Each structure stands twice: as C-alpha cells, then as structure tokens.
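Colleague: Residue strings, one per chain:
There are 2 protein chains.
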Amino acid sequence: MSENFDAVDIIRAKRDRHELSGEQIAWTIDAYTRGVIADEQMAALAMAILLNGMDRREISDWTAAMIASGERMDFSALSRPTADKHSTGGVGDKITLPLAPLVAACGVAVPQLSGRGLGHTGGTLDKLEAIPGWQADLSNQDMLTQLEAIGAVICAAGAGLAPADKRLYALRDVTGTVEAIPLIASSIMSKKIAEGTGALVLDVKVGSGAFMKDAAQAGELARTMVGLGTDAGVRTVALLTDMSTPLGLTAGNALEVRESVEVLAGGGPADVVELTVALAREMLVAAGVDDVDPADALADGRAMDVWRAMISAQGGDPEAALPVAQETQQITAGADGVLTRLDALQVGVAAWRLGAGRARKEDLVQAGAGVELHAKPGDTVTAGQPLLTLHTDTPERFSRAHEALDGAWEISTAGAHVPTPLIMDRVSAD
Amino acid sequence: MSENFDAVDIIRAKRDRHELSGEQIAWTIDAYTRGVIADEQMAALAMAILLNGMDRREISDWTAAMIASGERMDFSALSRPTADKHSTGGVGDKITLPLAPLVAACGVAVPQLSGRGLGHTGGTLDKLEAIPGWQADLSNQDMLTQLEAIGAVICAAGAGLAPADKRLYALRDVTGTVEAIPLIASSIMSKKIAEGTGALVLDVKVGSGAFMKDAAQAGELARTMVGLGTDAGVRTVALLTDMSTPLGLTAGNALEVRESVEVLAGGGPADVVELTVALAREMLVAAGVDDVDPADALADGRAMDVWRAMISAQGGDPEAALPVAQETQQITAGADGVLTRLDALQVGVAAWRLGAGRARKEDLVQAGAGVELHAKPGDTVTAGQPLLTLHTDTPERFSRAHEALDGAWEISTAGAHVPTPLIMDRVSAD
Chain A
5 MSENFDAVDI
15 IRAKRDRHEL
25 SGEQIAWTID
35 AYTRGVIADE
45 QMAALAMAIL
55 LNGMDRREIS
65 DWTAAMIASG
75 ERMDFSALSR
85 PTADKHSTGG
95 VGDKITLPLA
105 PLVAACGVAV
115 PQLSGRGLGH
125 TGGTLDKLEA
135 IPGWQADLSN
145 QDMLTQLEAI
155 GAVICAAGAG
165 LAPADKRLYA
175 LRDVTGTVEA
185 IPLIASSIMS
195 KKIAEGTGAL
205 VLDVKVGSGA
215 FMKDAAQAGE
225 LARTMVGLGT
235 DAGVRTVALL
245 TDMSTPLGLT
255 AGNALEVRES
265 VEVLAGGGPA
275 DVVELTVALA
285 REMLVAAGVD
295 DVDPADALAD
305 GRAMDVWRAM
315 ISAQGGDPEA
325 ALPVAQETQQ
335 ITAGADGVLT
345 RLDALQVGVA
355 AWRLGAGRAR
365 KEDLVQAGAG
375 VELHAKPGDT
385 VTAGQPLLTL
395 HTDTPERFSR
405 AHEALDGAWE
415 ISTAGAHVPT
425 PLIMDRVSAD
Chain B
5 MSENFDAVDI
15 IRAKRDRHEL
25 SGEQIAWTID
35 AYTRGVIADE
45 QMAALAMAIL
55 LNGMDRREIS
65 DWTAAMIASG
75 ERMDFSALSR
85 PTADKHSTGG
95 VGDKITLPLA
105 PLVAACGVAV
115 PQLSGRGLGH
125 TGGTLDKLEA
135 IPGWQADLSN
145 QDMLTQLEAI
155 GAVICAAGAG
165 LAPADKRLYA
175 LRDVTGTVEA
185 IPLIASSIMS
195 KKIAEGTGAL
205 VLDVKVGSGA
215 FMKDAAQAGE
225 LARTMVGLGT
235 DAGVRTVALL
245 TDMSTPLGLT
255 AGNALEVRES
265 VEVLAGGGPA
275 DVVELTVALA
285 REMLVAAGVD
295 DVDPADALAD
305 GRAMDVWRAM
315 ISAQGGDPEA
325 ALPVAQETQQ
335 ITAGADGVLT
345 RLDALQVGVA
355 AWRLGAGRAR
365 KEDLVQAGAG
375 VELHAKPGDT
385 VTAGQPLLTL
395 HTDTPERFSR
405 AHEALDGAWE
415 ISTAGAHVPT
425 PLIMDRVSAD
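In the order they appear, the protein sequences are chains A and B.
Using my numbering, the first residue of the first sequence is number 5, and each one after it goes up by one.
Using my numbering, the first residue of the second sequence is number 5, and each one after it goes up by one.
What the hints contain is simulated information worked out from the structure, not anything from laboratory work.
Treat the numbers as computed from the prediction; the structure is a model and nothing was measured.
One or more hints might be untrue.
Copies of one chain are not kept apart here, so a pair can be met inside one copy or by any two copies together.
Straight line, CA to CA, 25 Å or less: simulated DMTMM-like cross-link-like pairs of lysine to aspartate or glutamate [unchecked claim]: (1) K380 <-> E266; (2) K380 <-> E407; (3) K170 <-> E62; (4) K170 <-> D43; (5) K170 <-> E400; (6) K380 <-> D295; (7) K217 <-> E23; (8) K365 <-> D297; (9) K217 <-> D13; (10) K380 <-> D340; (11) K365 <-> D10; (12) K380 <-> E331; (13) K365 <-> D43; (14) K217 <-> D20; (15) K380 <-> E133; (16) K170 <-> D10; (17) K217 <-> D10; (18) K170 <-> D367; (19) K170 <-> D294; (20) K365 <-> D300; (21) K380 <-> D297; (22) K365 <-> D13; (23) K380 <-> D10; (24) K170 <-> D397.
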C-alpha cells in the first residue's frame, strides 16, 4: 500500500467537500487498521463525512476497503443458494429466530452472522442464549457443515470479518458520529458482503424505536445499502418497516424466544407472522427460488423441524423450559378506550433497564427480563385490565422502568385509530 | 464543576447546529484539561465547530474557559500602562523586534510573550536566540522587574497560561481543524487576555504567506478577535496587512535581527519601518498615550537604547557579531524588467528548507540560514543581477530550496506594477 498519503490532507479534503479517491480511501482504512491514522484523526474525518457526505462511488470504495481489512467467507461449495437478512434494529424484533429456519425449510441456506444488543435494541445472540446449552460461537468449518446439513445457522460473527469496522464503530459510538448514513451503510454492508451471502434482504426500521426516526432518512439508508450490495454482486432488496410500536407482544430475551416458537408452531402475533413471511418471500426470490410459499412451511411444521435441528446442532435443548424472571409487576389501563399509541423506544428502554439489554458491551443480560404487552395499538382496552407486565430478577429496577414508560401510551375514548402499515416501502436495485 | 454533562451530547449538539451554553462550554474545556473528554471526542467537536461555527457569545465563553484553565498575569502594579501586539504570522515578519523597544521608548510597557516558529513562518524567539547569550525564559518576577526598569520584555510564554489551548492546538494540528476561525480567535485571545495586557494591537496578515489567504476571512478573524478583547476589557484594535510578498529584505533568524537593528538605527527597508511605526502608533493610542510620535523615537536613537538594554537584561550581547551561514548561493534575474511578484509563501518555504524553520516542534533551527532579497515587487531589475541570496550551513538543502522557489517571481517587460498597500484595513471596536 502506497504511503504517499497524509491523514491531515485527507481530512482536509473531506472537510472542504472534495471527493476522496479510491486510493485515498483504501489507504485511510488500511492506515487506521495499522494504527498509522490515530483515533483523533479518524474522529475528525468521521465528523467531516457525517456533515459533508460521501457519494455512491466513495461509499462503495469505503465498503470495499473495510472488507479488504479482513477475511472473506465463501459458501459457493454449498449444494443450495444462500440468502441472509439484516435488520437495522428495533424493539421486540425477534424476526431472525423464526425466519432463518423458515427460509431453510424452503430450500435456501441462511448463514446468519449476528451480534449482541447495545442500548434499547436487543441482540439476536442474547435472545438465543436464553435457551439452555445454546452456543453462539462456531468455527467457519462447523458453520459450513451445519449449513449443508440443516440449512440454517445463527452464530456470532468472528473477529476476522471487516475488523476495521469494529474499531471504527467503537470510535463513532463515543464521538457523536454514529448517525452518518455513509458510515452506517458501509458498516452493515462490509460485514454482509464479506460473509459471502448470495442474496440479502434488509429490514430497515423506521420510527421511535429505530435508529432512523423518519422515512426519508430510512429510505436514503436503504437505497445506499441496496446500491452497495448490488455493486458487490449480492442480490439485495430492502423493506422499510414500521418501528413506532414494538414488534409482537414481547421485548426481552427468553420472552422473545417463546414468542418465536409460537410463530414456528403456526400461532404468534399477526405482525410477527406477517413480517417473517414477507421477508422469507423476499429472501427466496432473491436467491432464485420463486415456486415455494413460506406460509405453507410455517403452517405444516417444516420450519419448526429446522428450528429444532438448528438449536440442537449448537448445543441447545429446544424442549427445555426457558428462564423466567424472578419478579413481575403489572401495569393496568387507566381508562376505557382504544389504545392509539404504545411507544417502541420507551418500551425498549424499559426492557433494557429491567435487565434485558446492556449499557456497555461487557455487561451481562438477564435471560428472563423484559416487557410483555397485553394490548397493541388498535386494541380496545378496559380500565383496570393489564396493559404491560414487567419482568426482572432485580426488583430495584422496576422504578426506573416505570420512569421510562411515563407517557408511553395513549388510550383514546373519542377518535378512531388509524393503523400504520407494517411494511411501508420496498427498495430494490431496479 | 458539574458533571451533569456528557461529551457525546455536546458533540451532537454542535453537529446538529445547536448553540452550546456557557455551562456546556466551561465543562467541555475543563473536562478536556482533566482528560475526561478524550482526544477523539475533542477532534470530532473541533470538526463540528469548524463546519458549523460558533456565535460571538459561544466564542467568548470558549475563550473565558480556556483562560480559566490556567493562571492570569497582572501588570497593574507597573508605573506605566501596558500594550502588546500579536501577529498571525508571516514571512520576514520581524516587526516585534524593533516595535517592542520603540513603544517602550515612548512610555508604554510592552510585555511580549512570544513563541517559536513552525512551518514556513518564523518565530520571534528563534530570531532573538540568534543573538549570542540571549535567553527566552524568564520567571514572572524577572519579567515584571524588567518591564518596570526597561519597559520592554520579549520572552517565552510560560506553560501556565491557558494550558487547555496548548493541548487543543496540538490536537487541531493533526486533525485538519486548525482553520476554524472561532478556534483560532479563542486560541490567540485566551493567551493575550490571560497575559494581562491593558491594550492589544493585532496584525492580521493576508496573502499567500499568511494563514488567511483572503481579506474576507482575515476580516472575519480580526472582527472576532477585536470583539473578544473588547468583551474582556482589553482595548483591542486590528490592522489587516499584506503578506503576499515577504516583509523587508530578509527571512531567517540572524538575517532578520540584523535588519531589525538597521530599522532601530534609523535605516532599514521602507515597509518594515512603515509597519513598525503604524503598529507603535496604534499601541500608544490604545494605551492612552497620544502625544508622542514614535517616528521621532526611532530617529533619535531612544528606541535603540531600549533595545540594547532589553537584550542585555536577558543575557544577550547587543554588540556581538551575529551568526553567519557557512554557505550561500545567489539567484540572478533572468531578464530585464520590473519585478511584479515575489511570493511570500515560496520564500518562506525556501527559508524553512534552508534550516531557518522547523517541521516539528522538537527540531533545531540554524541561526544563520534564510533568504535575502535584493529586489522587491516594483523594483526595476537587470538580467544577471542578484535577485535572492540563499544562506545555509548544510549545502545539501539548496536544491529543495530552489524547488520551493520555482515560479516564485515574475519580471514584466510590459505593463506597470500596481503596488498593493501594506496596510489594507483597520478594525476597531467602535
């Protein structure tokens, strides 16, 4: 790699709204990985990128440089096509749990590398770790073997994929530069492209509980990511989905596993079923399989069979009782009427404070903690009926969860509730 | 100091173009000094300030917080008023050397805390250190004693004045955030206000050899600094002066001392004399002395007497021969005509490369190195006559100095030369 670049020149160029060349970007990521560019220099560059932007070519080069900082996986030896899903994160978003076995049951392999949660959004690995015995860490060879045999794997991303992203993400987190669309898009897509999936469906969440609070921003992020995937030869589609209210009726680790198993058993909340099936259809089509209806595989138990095999293969006992929190508290409705709003962010923060999430990455989570909903927007409620149940092992946490929930819902005696569509938009390369 | 602030919230506020409160700014500077705010966080904030700006109240609070990070000096016990001058830096800018004794000779004390040079602009202390025996470091008590006895002192700023600025400046230097007018203005003014001068004249340079390349930017910087000084009770005036061509006929340490002594002896280049007298008049008026003409004190040798006393008081021998470089090379005019341009930046870089300046603050400078000019824009030259003489102790440096000078001047056989006025504008609080 040429050393004919200087970090300050590159920062100044972006500061002054110039385009960075592919060579400058490749050098920047490599030099940052090697420690030649210091954290304070990357922080200044990240702020300049946040405020001045990058164009599609720059973001594509930035993503390629992040991929080049680590290893790439290769699933081309598998006997079936691959498809993966990524969600930008929300409250009660357990969709990966029923989705991966469902898509596998329809003939497409799902290599799902997941992470742990931070802040008010839960992490897929935290949820699965509520299952007694289940292990998140697999070797690349074990992952391939399980994919071939069972068709689905959900495991921890190794440190080898896009290591530059790991360092950059930690830096952005403390420097107010998380919210830069070019950096969000390249962070997500570098890991997904390095992972080697053939097709990718993005679930870009919009609303209070999501990272993107409005549809315009979410649409820009979706288009940027679909462009990056397409440029890298991955068939990529994005759905924009509502995250103004929690998905399903649970937010919390074991609580969400329980709800996912209900969906795999053919039941479960309507919104979780709707989104699971819609994402499965997109993944199947993107992987070239358009003659299978995933709703059938959910109804006839094939998805549940794959789930059981997938959990067992990673040491988990799919029949074991799930952990339950030691203490619960109920919150009841204060009036008769229609529930018109139940805020996703506030429910997410309450679940986090009850012990379901972590503030720092070294914190432990409680498997049983979280929030259970007894009504969703649009439901008619009666004064005194249970609205929410709070679960925790540490009852001193209840009071801060109650604070988080202050003003989180509205019960209307007058006007009708106008439901928001769950799937708001679809972005594809065409 | 309240700990109810969070660095990321403050970075985000400025990133999103919000105004920072006085409490937020005071906490930020204090927390940075104590290491609670990390360098990468301050780098992101500095970039946000550079791109989104600060208003006058914010800059004033930022400056006050920098002053509060260290000690303040107090010259109120002196029997005469005080005035100081600050130049934003240029090529051949030796004005402080004749100016400080000249103003002292007119009855106003000059407590000039100076720095060393970095890059293509020379430092006042580097120049004076070319005088055998002269010492830059004085205790606060020695400084006061010398000011009372002689009326002028030029010495190194102690580490105690605005220590937050020192750390912040080093950070800005490596993060592409030097060029933020709020940060430049508060950096300069925090040290000058903490120094305790009663009046201050700013020489804001404009042109290729200056930090500010155009008059609009320089005017904004001048107005910002005059506002800060005025708000802090320091009578402050700024002159905008031309730095498209070097000041005087020398750029280099001993070379500039020699030229300064010529000015004190009643001779010297016209531009150096003009600017020295103009700045002296501003300093005298700002200090409340309006019945003395500094041109007289220059002509009758009183300024030279103060110079000799000032140099001797700091261990220097004003009669000693100045160091001379071991090697010289002459550059001659290639044609007959009028010299219409001689670029300040290119001459400054050549002098730096010859050994007069430093690239890093731990580098040593050569006392004898530099560039001597034999003609200035507007002068008629003849093919073959000397145009420049390069001086260095290390002749292997000549070739890179020649490179720096490529295209640095123009000799016109046709059109007339239109001289730029040396003093371009004046900014005061009224």
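Colleague: Please work out whether the CA atoms of K217 and D13 approach to 25 Å or closer within one copy, between two copies, in both situations, or in neither?
Modeller: Classified as between: cross-chain Cα gap 18 Å, same-chain 34 Å, threshold 25 Å.
Colleague: Taking 25 Å as the upper bound on the Cα-Cα distance, should K380 and D295 be classified as within, between, both, or neither?
Modeller: neither (34 Å within a copy, 84 Å between copies)
Colleague: Between copies, within a copy, both or neither: which fits K380 and E133 at Cα up to 25 Å?
Modeller: Intra 27 Å, inter 78 Å, cutoff 25 Å: neither.
Colleague: How would you classify K365 and D297 at a CA-CA limit of 25 Å: within, between, both, or neither?
Modeller: neither (39 Å within a copy, 70 Å between copies)
Colleague: Is the C-alpha distance from K217 to E23 at most 25 Å within one copy, between copies, in both cases, or in neither?
Modeller: between (28 Å within a copy, 23 Å between copies)
Colleague: For K170 and D43, with the copy left unspecified, which applies at a CA distance of at most 25 Å: within, between, both, or neither?
Modeller: both (13 Å within a copy, 19 Å between copies)
Colleague: Is the C-alpha distance from K365 to D13 at most 25 Å within one copy, between copies, in both cases, or in neither?
Modeller: between (34 Å within a copy, 20 Å between copies)
Colleague: Can you tell me if K170 and E62 fall within 25 Å by alpha carbon in one copy, between copies, both or neither?
Modeller: Answer is within: at 20 Å inside a copy they meet the 25 Å cutoff, but 35 Å across does not.
Colleague: When no copy is specified for K170 and D294, does a C-alpha distance of 25 Å or less occur within a copy, between copies, both, or neither?
Modeller: neither (36 Å within a copy, 65 Å between copies)
Colleague: With 25 Å as the alpha-carbon cut-off, assign the pair K170 and E400 to within, between, both or neither.
Modeller: Classified as neither; 34 Å inside a copy, 46 Å across copies.
Colleague: Given identical chains, is K380 near E266, meaning Cα to Cα at most 25 Å, within a copy, between copies, both, or neither?
Modeller: The answer is within: 18 Å in one copy meets 25 Å, while 88 Å across copies does not.
Colleague: When no copy is specified for K365 and D10, does a C-alpha distance of 25 Å or less occur within a copy, between copies, both, or neither?
Modeller: Between copies, since 19 Å is at most 25 Å while 33 Å is not.
Violated hints for the displayed structure, listed by number in ascending order: 5, 6, 8, 15, 19, 20, 21, 23, 24.
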